[in-house]
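J.: Sequence:
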Amino acid sequence: MGIIVWCVLFAIVIFIAFVATRMAAQNKEDGLHDTGLAIIEFGRAFPNEAIRQLQTTENGQAVFVRLHDNKAGFMRNMSRHFACHLIEPGRVRVVGSETGRGLVIDFLDAPYHNGDFEFASAKEASEVSLWLLGNYIAEPDKDLPPGNISAANKQ
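In this note's numbering, the protein residues as written are 6 to 160.
Please note that a few of the clues may not be correct.
FRET-style restraints, in silico, Cβ to Cβ [to be verified]:
hint : residue 1 : residue 2 : range
1    : 21        : 105       : 43 to 49 Å
2    : 138       : 17        : 54 to 60 Å
3    : 95        : 57        : 16 to 22 Å
4    : 44        : 13        : 44 to 50 Å
Think of the hints as simulated: they come from the structure by calculation, not from any bench.
Don't be surprised by glycine CBs; every beta carbon is placed ideally from N, CA and C.
Could you build the full structure based on these sequences and the hints that come with them?
T.: Put into structure tokens, the structure is as follows:
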């Protein structure tokens, strides 16, 4: 009788361990590789912003969002939820990573999101850096002073 109880307890422990490892593996695999999920979550956070394009990092843990009015947004998988925010013009610093396929980004408004973001290719990293560059300069700073006429405007 005693050995049967021990066998049943051992089987229960093995079953619980199996379920726990499967759940941990599922959490590890979850990410933002599914662009549909990224669109839904970002749209839920910012319903008045129209998404133009998405770029996912190589590991799927972050998505950079290009919006219709050339603003930029950012989403990050925080294991149990997704953190979304709009990047304000002039409130981000971007440097290329050592690999050439990534960006080292400092968010001045959200320092907890700072990090090194690797993309699948250098082309994708440069695309995101251009989005951030377009968002880097505040609108009033984009206008040229009235006395300066560029070569493109001279005819």
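J.: Work down the list of hints and note, for each, if the structure agrees.
T.: Hints, verified against the model:
1. 21 to 105: 43 to 49 Å: The hinted range 43 to 49 Å holds for residue 21 and residue 105, with Cβ atoms some 45 Å apart.
2. 138 to 17: 54 to 60 Å: 58 Å, holds
3. 95 to 57: 16 to 22 Å: 21 Å, holds
4. 44 to 13: 44 to 50 Å: 48 Å, holds
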